[in-house]
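Please model the complete structure; the sequences and the hints are all you need to start from.
Chains as they are written, first to last, in the working numbering: chain A, 1 to 114; chain B, 115 to 225.
For the record, the hints were derived by calculation from the structure and aren't laboratory data.
Please note that the accuracy of each hint is not assured.
[Said to hold, decoys possible] Estimated spans, in silico, between C-beta atoms of each pair:
hint: 1; chain 1: B; residue 1: 142; chain 2: A; residue 2: 41; range: 20 to 26 Å
hint: 2; chain 1: B; residue 1: 197; chain 2: A; residue 2: 97; range: 27 to 33 Å
hint: 3; chain 1: B; residue 1: 140; chain 2: A; residue 2: 56; range: 18 to 24 Å
hint: 4; chain 1: A; residue 1: 70; chain 2: B; residue 2: 210; range: 20 to 26 Å
hint: 5; chain 1: B; residue 1: 124; chain 2: A; residue 2: 96; range: 32 to 38 Å
hint: 6; chain 1: A; residue 1: 18; chain 2: B; residue 2: 184; range: 43 to 49 Å
hint: 7; chain 1: A; residue 1: 2; chain 2: B; residue 2: 173; range: 17 to 23 Å
hint: 8; chain 1: A; residue 1: 78; chain 2: B; residue 2: 159; range: 24 to 30 Å
All figures in this text were calculated on a predicted structure; none of them were measured in a lab.
Even for Gly, the Cβ is constructed at its ideal location relative to N, Cα and C.
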Amino acid sequence: EPEVTQTPSHQVTQMGQEVILRCVPISNHLYFYWYRQILGQKVEFLVSFYNNEISEKSEIFDDQFSVERPDGSNFTLKIRSTKLEDSAMYFCASTRGAEGQPQHFGDGTRLSIL
Amino acid sequence: GESVGLHLPTLSVQEGDNSIINCAYSNSASDYFIWYKQESGKGPQFIIDIRSNMDKRQGQRVTVLLNKTVKHLSLQIAATQPGDSAVYFCAETGNTGKLIFGQGTTLQVKP
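This is how it looks when you write it as structure tokens:
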């Protein structure tokens, strides 16, 4: 069964450094998402992406965040200058359609900011 | 505001019993609801979904009930097994596609 894959599984970075989290969505999916989950809390929406542009973003997704689909298979989340509060699990998800279709999630990247 | 919540943070059941996990949502415009299961160290795993034009949907050992009048969603798991132990999240979405998750209920299955 096709699945969403994310790399790395764990990223440790010094505060102020840039990080890039990578995702390979399911191949025939067209809509892509990033979510984050701070330890012990619920999953929060960050950004949605369709047709090579951002469809919607949350208040969390400020100027330090960016997303890119550099080729036909990868979808990346970049944080330019990381802060301590960026420490969380980051999940990528994809779906075939924007409405009425379940989003399928990867197993996440644990980002630890020191 | 938008919020989706679960009534109980933890539910403990005996193996073989049925489990019922509840969720209340606040956005009456939401038209699609999903239950996810999250095991330790993993991402949310799709269990079952339901559209707002339905009030019940059944899968293998799972049933989702939707009551739009009181904005309530529930997940029923029949004959709960140790492998069902996980955190369960309900999520809602409208026409924007983004998922709004609830806080999660931890299901503990006692052998």
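Now for the hints, and whether the structure bears them out:
A hinted range of 20 to 26 Å for the beta carbons of residue 142/B and residue 41/A is consistent with their spacing of about 25 Å. In this structure the supplied range 27 to 33 Å holds for residue 197/B paired with residue 97/A, their Cβ-Cβ distance being about 30 Å. Under the hint 18 to 24 Å, the C-beta atoms of residue 140/B and residue 56/A, about 19 Å apart, fit the expected range. Taking the beta carbon of each, residue 70/A and residue 210/B are about 25 Å apart, inside 20 to 26 Å as hinted.
Taking 32 to 38 Å as the suggested C-beta distance range, the pair residue 124/B and residue 96/A conforms, at roughly 35 Å. About 47 Å separates the C-beta atoms of residue 18/A and residue 184/B, a value consistent with the hinted range of 43 to 49 Å. In this structure, residue 2/A and residue 173/B meet the distance hint of 17 to 23 Å, their C-beta atoms being roughly 20 Å apart. Look at residue 78/A against residue 159/B: about 27 Å separates their beta carbons, and that is inside 24 to 30 Å.
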